[in-house]
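A.B. asks: As a plain string of letters, each chain reads:
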Amino acid sequence: DGGITQSPKYLFRKEGQNVTLSCEQNLNHDAMYWYRQDPGQGLRLIYYSQIVNDFQKGDIAEGYSVSREKKESFPLTVTSAQKNPTAFYLCASSTGRRGNYGYTFGSGTRLTVV
Amino acid sequence: RKEVEQDPGPFNVPEGATVAFNCTYSNSASQSFFWYRQDCRKEPKLLMSVYSSGNEDGRFTAQLNRASQYISLLIRDSKLSDSATYLCVVNMGSSGSARQLTFGSGTQLTVLP
Numbered sequence: 001d002g003g004i005t006q007s008p009k010y011l012f013r014k015e016g017q018n019v020t021l022s023c024e025q026n027l028n029h030d031a032m033y034w035y036r037q038d039p040g041q042g043l044r045l046i047y048y049s050q051i052v053n054d055f056q057k058g059d060i061a062e063g064y065s066v067s068r069e070k071k072e073s074f075p076l077t078v079t080s081a082q083k084n085p086t087a088f089y090l091c092a093s094s095t096g097r098r099g100n101y102g103y104t105f106g107s108g109t110r111l112t113v114v
Numbered sequence: 115r116k117e118v119e120q121d122p123g124p125f126n127v128p129e130g131a132t133v134a135f136n137c138t139y140s141n142s143a144s145q146s147f148f149w150y151r152q153d154c155r156k157e158p159k160l161l162m163s164v165y166s167s168g169n170e171d172g173r174f175t176a177q178l179n180r181a182s183q184y185i186s187l188l189i190r191d192s193k194l195s196d197s198a199t200y201l202c203v204v205n206m207g208s209s210g211s212a213r214q215l216t217f218g219s220g221t222q223l224t225v226l227p
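For the record, the sequence lines run as chains C and Y. Residues 1 to 114 in our numbering are what the first sequence lists, from first letter to last. Residues 115 to 227 in our numbering are what the second sequence lists, from first letter to last.
Next comes chain C alone, as it looks inside the complex (with noise of 0.2 Å):
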């Protein structure tokens, strides 16, 4: 079956380490993108990719980074430059193809700052 995986699904980072999340997908999509959620908020974009070798800033890129060098993988490091980096995270990807698409979603990985 078609789907995104995300990995790991609970994360813990030290003050000052630098982790990486993975999001993987076989869904032959074009789009990937990476969103921050907060207890009780909505989702915040990160980074998008449309393509390849290809990235964008979302609305709060401040202290996290992106690789696009294949199109099934699209990795989000958080830096040590991320001062509030406890949250649950989200990969998505979607369809280029015309018409009315959403995202489909990873389940998603939790990290905390110990």
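What the hints contain is simulated information worked out from the structure, not anything from laboratory work. It is possible that part of the hints are untrue.
[What the hints assert, rightly or not] Below, in silico cross-link-like pairs of lysine to any residue (SDA-like), each with a Cα-Cα straight-line distance of 20 Å or less:
id : chain 1 : residue 1 : chain 2 : residue 2
1  : C       : 9         : Y       : 156
2  : C       : 71        : Y       : 214
3  : Y       : 159       : C       : 62
4  : Y       : 116       : C       : 5
5  : Y       : 159       : C       : 5
6  : Y       : 159       : C       : 42
7  : Y       : 116       : C       : 41
8  : Y       : 159       : C       : 19
9  : Y       : 116       : C       : 58
10 : Y       : 156       : C       : 2
11 : Y       : 116       : C       : 45
12 : Y       : 116       : C       : 38
13 : Y       : 116       : C       : 26
14 : Y       : 159       : C       : 26
15 : Y       : 156       : C       : 107
16 : Y       : 159       : C       : 110
Small disclaimer: the values here were computed from a predicted structure and weren't measured.
Given chain C, work out where chain Y should sit, using these hints.
C.D. replies: This is chain Y only, laid out in the frame that chain C set:
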């Protein structure tokens, strides 16, 4: 003003009740609209797309009023399993292959036995 605005609730309704959620959006050029459902500590999942003519899927009815920039979701005969947060989502446009979806903060529904 938020780009997509929803009443956060919570809505607590008895089983079998009918409940309606509303959502307003600020960008009149918005192209497509969705309702997503998010269970506690899970990812959002597409509940239904919203079409200009209105659409129905079983107990769920979605309507769009472009003139008033307003979207609604009606749930009839509520079930305990309908308890979740409902996200109003608006496609503000496209950037190449990427869709610029903007999410409301969600409306929390609890269906009580």
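A.B. asks: Is it true that the CA of residue 159/Y sits at most 20 Å from the CA of residue 110/C?
C.D. replies: Holds, at about 17 Å.
A.B. asks: CA of residue 9/C to CA of residue 156/Y, is that 20 Å or under?
C.D. replies: Answer holds: residue 9/C to residue 156/Y is near 11 Å, not above 20 Å.
A.B. asks: Would you mind confirming whether the straight-line C-alpha gap from residue 116/Y to residue 41/C stays at or under 20 Å?
C.D. replies: 13 Å, holds
A.B. asks: Hinted pair, alpha-carbon criterion (20 Å max): residue 159/Y, residue 26/C. Please report holds or violated.
C.D. replies: Answer holds: residue 159/Y to residue 26/C is near 18 Å, not above 20 Å.
A.B. asks: Checking one constraint from the list: CA of residue 159/Y to CA of residue 62/C, max 20 Å. Satisfied?
C.D. replies: At roughly 27 Å apart (the allowed maximum being 20 Å), residue 62/C and residue 159/Y break the hint.
A.B. asks: Take the C-alpha atoms of residue 159/Y and residue 5/C, compute the straight-line distance between them, and say whether it is at most 20 Å.
C.D. replies: Holds - the C-alpha atoms of residue 5/C and residue 159/Y are around 14 Å apart, at most 20 Å.
A.B. asks: Check the hint pairing residue 116/Y with residue 38/C against an upper bound of 20 Å on the C-alpha distance.
C.D. replies: Holds, at roughly 17 Å.
A.B. asks: Keeping to a limit of 20 Å between CA atoms, is the pair of residue 159/Y and residue 42/C held or broken?
C.D. replies: It holds: about 14 Å lies between the C-alpha atoms, which stays within 20 Å.
A.B. asks: Does residue 107/C lie within 20 Å of residue 156/Y when you go C-alpha to C-alpha?
C.D. replies: OK: residue 156/Y and residue 107/C at ~6 Å, within 20 Å.
A.B. asks: Hey, residue 116/Y versus residue 58/C, does the alpha-carbon distance stay inside 20 Å?
C.D. replies: At roughly 16 Å apart (the allowed maximum being 20 Å), residue 58/C and residue 116/Y satisfy the hint.
A.B. asks: Quickly compare the C-alpha distance for residue 116/Y and residue 5/C to 20 Å and report which way the hint goes.
C.D. replies: 31 Å, violated
A.B. asks: Given the hint that residue 116/Y pairs with residue 45/C, test it: the Cα-Cα distance must not exceed 20 Å.
C.D. replies: 15 Å, holds
Hint compliance for this structure: hints 3, 4, 8 and 13 are broken, all remaining hints hold.
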